[in-house]
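Engineer: Single-letter residue listing:
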Amino acid sequence: MTATDIARVEGYTIPEPGPALKSRLWRLRYWIVVALAFVAIVALALARATPSSSEALSTWNPEPDGSMAVAEILRDQGVRIREIGYLSRALISDPDATTFVITLPSMLSDDQIASVLEHPGDLVFIGISRDLLQALGDGLSYWTDQGYAFSAACDDPDAIAAEFTTASSPRIGSDRIGGTTVCFQDPNGYGTYAVIDQYERRIILITDPVIAMNENLSKEGNAALVLRALGKHRTLVWYSRALDDDTTLVVPGAPGNPGGPPPREIEAQPGYLPTGTGDALFALGLAGLVAAFWRGRRMGALVSEPLPVIVHASESARGRGRLYRRAKSTGRASAALRAAAAERMGRRLGVPRSAEPPALIAAVSRASNREAAAVERLLYGPPPTTEPDMMVLAKELDTLEREVERP
Amino acid sequence: MYITGWTALLAAFGAVPTFLAHDRAVAWAWMVGVVGLALLDALLAPVAAGIGVKSTVPRSVRLGQATEASLSIANLTRGRLRGAIRDAWEPSAGAGANRHRFDLGPLETRKLTTRLTPTRRGDRHSGDLTVRLDGPLRLAGRQRSIPRRETLRVLPEFASRRHLPSRLALLREIDGLASVNMRGAGSEFDSLREYVIGDDVRNIDWRATARRAEVLVKTFRPERDRRVFILVDTSRLSAGRVGDAPRLDASIEAALLLSALAAHAGDRVQVVAFDRRERARALGSTSPRLMPALAEALAVAQPNLVEPDWPGAVHLIQDRLSQRALVVLLTTIDPSGLDNGLTDAVASLGKRHQVVVASVEDPELADLASTRGDATDLYGAAAAERGRLETSALAMRMRQLGAEVVRGLPADLAPSLADAYLRLKAAGKL
Numbered sequence: 001m002t003a004t005d006i007a008r009v010e011g012y013t014i015p016e017p018g019p020a021l022k023s024r025l026w027r028l029r030y031w032i033v034v035a036l037a038f039v040a041i042v043a044l045a046l047a048r049a050t051p052s053s054s055e056a057l058s059t060w061n062p063e064p065d066g067s068m069a070v071a072e073i074l075r076d077q078g079v080r081i082r083e084i085g086y087l088s089r090a091l092i093s094d095p096d097a098t099t100f101v102i103t104l105p106s107m108l109s110d111d112q113i114a115s116v117l118e119h120p121g122d123l124v125f126i127g128i129s130r131d132l133l134q135a136l137g138d139g140l141s142y143w144t145d146q147g148y149a150f151s152a153a154c155d156d157p158d159a160i161a162a163e164f165t166t167a168s169s170p171r172i173g174s175d176r177i178g179g180t181t182v183c184f185q186d187p188n189g190y191g192t193y194a195v196i197d198q199y200e201r202r203i204i205l206i207t208d209p210v211i212a213m214n215e216n217l218s219k220e221g222n223a224a225l226v227l228r229a230l231g232k233h234r235t236l237v238w239y240s241r242a243l244d245d246d247t248t249l250v251v252p253g254a255p256g257n258p259g260g261p262p263p264r265e266i267e268a269q270p271g272y273l274p275t276g277t278g279d280a281l282f283a284l285g286l287a288g289l290v291a292a293f294w295r296g297r298r299m300g301a302l303v304s305e306p307l308p309v310i311v312h313a314s315e316s317a318r319g320r321g322r323l324y325r326r327a328k329s330t331g332r333a334s335a336a337l338r339a340a341a342a343e344r345m346g347r348r349l350g351v352p353r354s355a356e357p358p359a360l361i362a363a364v365s366r367a368s369n370r371e372a373a374a375v376e377r378l379l380y381g382p383p384p385t386t387e388p389d390m391m392v393l394a395k396e397l398d399t400l401e402r403e404v405e406r407p
Numbered sequence: 001m002y003i004t005g006w007t008a009l010l011a012a013f014g015a016v017p018t019f020l021a022h023d024r025a026v027a028w029a030w031m032v033g034v035v036g037l038a039l040l041d042a043l044l045a046p047v048a049a050g051i052g053v054k055s056t057v058p059r060s061v062r063l064g065q066a067t068e069a070s071l072s073i074a075n076l077t078r079g080r081l082r083g084a085i086r087d088a089w090e091p092s093a094g095a096g097a098n099r100h101r102f103d104l105g106p107l108e109t110r111k112l113t114t115r116l117t118p119t120r121r122g123d124r125h126s127g128d129l130t131v132r133l134d135g136p137l138r139l140a141g142r143q144r145s146i147p148r149r150e151t152l153r154v155l156p157e158f159a160s161r162r163h164l165p166s167r168l169a170l171l172r173e174i175d176g177l178a179s180v181n182m183r184g185a186g187s188e189f190d191s192l193r194e195y196v197i198g199d200d201v202r203n204i205d206w207r208a209t210a211r212r213a214e215v216l217v218k219t220f221r222p223e224r225d226r227r228v229f230i231l232v233d234t235s236r237l238s239a240g241r242v243g244d245a246p247r248l249d250a251s252i253e254a255a256l257l258l259s260a261l262a263a264h265a266g267d268r269v270q271v272v273a274f275d276r277r278e279r280a281r282a283l284g285s286t287s288p289r290l291m292p293a294l295a296e297a298l299a300v301a302q303p304n305l306v307e308p309d310w311p312g313a314v315h316l317i318q319d320r321l322s323q324r325a326l327v328v329l330l331t332t333i334d335p336s337g338l339d340n341g342l343t344d345a346v347a348s349l350g351k352r353h354q355v356v357v358a359s360v361e362d363p364e365l366a367d368l369a370s371t372r373g374d375a376t377d378l379y380g381a382a383a384a385e386r387g388r389l390e391t392s393a394l395a396m397r398m399r400q401l402g403a404e405v406v407r408g409l410p411a412d413l414a415p416s417l418a419d420a421y422l423r424l425k426a427a428g429k430l
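Chains A and B, in that order, are what the protein sequence lines are. Residues 1 to 407, numbered by the working numbering, are exactly what the first sequence covers, in order. Residues 1 to 430, numbered by the working numbering, are exactly what the second sequence covers, in order.
Since the hints were derived computationally from the structure, they do not count as laboratory data. Quick caveat, the model's predicted, so the values are computed rather than measured. Ideal Cβ positions, reconstructed from N, Cα and C, are used throughout, including at glycine. Check before you lean on any hint, since a few could be wrong.
Said to hold, decoys possible - Here are a few chain A residues that sit away from chain B, every Cβ distance over 10 Å (derived from the structure):
hint, residue
1, P15
2, P64
3, L136
4, W143
5, S151
6, D156
7, A223
8, A287
9, A355
10, A373
11, R377
12, L378
Stated by the list, open to error - Ranges between beta-carbon positions, derived for each pair:
hint, chain 1, residue 1, chain 2, residue 2, range
13, A, K22, B, G36, 20 to 26 Å
14, B, P311, A, P19, 54 to 60 Å
15, A, R297, B, S336, 48 to 54 Å
16, A, P352, B, R161, 25 to 31 Å
What the hints assert, rightly or not - If we take Cβ atoms under 7 Å as the criterion, some of the chain A residues that face chain B in the derived model are:
hint, residue
17, F164
18, L273
19, G276
20, A280
21, R297
22, M299
23, V303
24, L337
25, R338
26, A394
Construct all of the structure, not just a fragment, from the sequences and the given hints.
Structural biologist: Structure below.
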């Protein structure tokens, strides 16, 4: 005999083997199908969903005024693009190998423009403003004119490659011969594309932002000009201003915000915490799920118990009291109080229950040294009509009872 | 399958490599690893058939006392068994520490005990036994429940038994043991014996003396072998809570004390729990036989939310009793029950039997009646007073019908009823 058989003989219960894996799976088949369908739907949704934006000149905006086309082409060419909405998040660690694109600089404050111009690497502005030109100095001037397209007519290879663009306004003029090259100039000398070479970095100004938009990219030489201007380096940081951005660019390794006031408030942004904190929290979150399963797995079923209903025996008296109150039945309530007091005093003084009122009144007045008339008024007088009267009566009855008890 | 806290801890440690690598993929990979390890551990855990369980539960326990349910577990494998077992019980069974960890060597057996302190009268049932067997890594294991339904009968507390010695002393005073030839009501002729100086000369049996050479006196003893019929009302009104327990519990206490007393006095006791039909019954004439049966029968009596069938109760009592008896109705005199037939029942039973109506009073009613706060309190006080007056009137009516009425708070009812019984016995009204 095996140990199991002996145990059976001795009266031990041995757990039945659970259902086989196959039948357990079969029992759970509907749930498995549901779970698989759910996973499939989520996976499909994740695969199809791309981050989308409706900001003009955003790299995630597929609308006509977006710049997703530019970004996609650059990505295909192996350029890594990171779009930011806050200047403080630029965090460009390698300025020499990064192109920093500023869209619509007209929306930036002077401080922000100043901080951007401190950036040691290549800069591309899509769109210009008078403030920007002023900050750049070097005799640049601003001109608005709905004009025509002119040929590159300069010695910048990118502009020559583009030949023509659909850019028209605003335009940029320069009185300097040396560092600044202005292309696509009109007869007055104002152009829609300028390149400023400064020491180690190059600043490119594309005056008319429309040529970087999806709807115009394929026209004329727009694509050639934009892609060549942006595709100089393997990394591209694309700034498309968030509505509430008032941060300034922080250049790693340099004292922050030179020349400008500090940001109005310090924002708690992940950049201030050690890198990996978020990921560690994520890992802890996953561990939390495991802990939930640990605590949530019940050790056997709950045991139910039919419990009796709890009804307080005094509930009917309380209900009756509420009825009296709702009806403001002071007469009925006082009659009950009087009868009870009379009964108690009668028992104490040995007056039989069946005795007539005068007998009780006489006994009570003797015991309490009160006038018979006063006792009669208290015990058999007219019923009070208001609640204050009833309360006075109750008080007097209590006093009378005490007097009878301790004469 | 279940996992232990170690698995959760191990999963939490995944935050460290994730932090260092600052990559969520590490977190996922760690998680997959931990879950895989736990699954493996659960697979490697001993099979549930490797353990044998035997549960032994005492048949009954008195309410307020503790008892122990024992579990024998046996390791039927040649390996070590580590894990835990849960001895599940209804909440009212008051199972304290009912989760036991065990660590059994090969073929080892062990006895575990769960302390039960029931908080409610009646049958308390157990739940399933659930066994957890840890895997070798103690990260996870197998869990299996073994269906089981044991029953522990929780007998009435019989707290009133502390009143029994004093009442038995009173009984002995009435009884022949104290005064042998006390003549009068409530005693019956017992035997003849020789006259000794001091005996009441009125008890001399002249007829017997004439036949014998010596003077003989008659001896008497209190009436014995009377019938006592106790009816415990389990209807609607018995469900009302008085203090912490339903009225029925106070009635049961009173029934137990009276039965014990009457059985000692040599009367034949019959107890019935009744509302619209008979719910429990116990009878006997000697205390050792009657009391356990009575406790068993009344243990499972529960209040039923139905109107009592007093005519039915009268039929039942008249069927069961062939001679004059003491009929005790343990119920509630409730003013709202004016027409529920209790008075009629008392009237018709009173023609042949001595009826005692024992009613459980509510101490809350007295509190309510003496509350004097605002007008609302006063209305409540008036209602309580009105209720008490009506109850008194009803009790008076029953007394006029020849019944004895005993009213008492839950704690006082049992001794009051016992005293009433002794009074009736001394007066020879049984």
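Engineer: Determine for every hint whether it applies to the structure shown.
Structural biologist: Hint by hint, here is what the structure shows:
1. P15: violated, 4 Å
2. P64: holds, 35 Å
3. L136: holds, 38 Å
4. W143: For W143/A, whose nearest Cβ neighbour in chain B is about 49 Å away, the distance exceeds 10 Å, so it holds.
5. S151: holds, 50 Å
6. D156: Given a closest Cβ separation of 41 Å, the condition holds.
7. A223: holds, 36 Å
8. A287: Given that some Cβ of chain B is not farther than 10 Å from that of A287/A, nearest at about 4 Å, it is violated.
9. A355: holds, 14 Å
10. A373: holds, 25 Å
11. R377: About 19 Å separates R377/A from the closest Cβ of chain B, which puts it past 10 Å; holds.
12. L378: holds, 16 Å
13. K22/A with G36/B: 20 to 26 Å: holds, 22 Å
14. P311/B with P19/A: 54 to 60 Å: holds, 57 Å
15. R297/A with S336/B: 48 to 54 Å: Distance hint for R297/A, S336/B holds at roughly 52 Å.
16. P352/A with R161/B: 25 to 31 Å: Given range 25 to 31 Å: violated, Cβ gap about 39 Å.
17. F164: violated, 47 Å
18. L273: Hint violated; L273/A Cβ to chain B Cβ min 11 Å, cut 7 Å.
19. G276: Holds, about 3 Å.
20. A280: For A280/A, the interface hint holds, since the closest Cβ of chain B sits about 4 Å away, which is under 7 Å.
21. R297: holds, 5 Å
22. M299: Because about 5 Å separates M299/A from the closest Cβ in chain B, which is inside the 7 Å limit, the hint holds.
23. V303: It holds, given that the least Cβ distance between V303/A and chain B is near 3 Å, below 7 Å.
24. L337: holds, 5 Å
25. R338: Interface hint status for R338/A: violated (9 Å vs cutoff 7 Å).
26. A394: holds, 6 Å
When each numbered hint is compared with the structure, violations occur for hints 1, 8, 16, 17, 18, 25.
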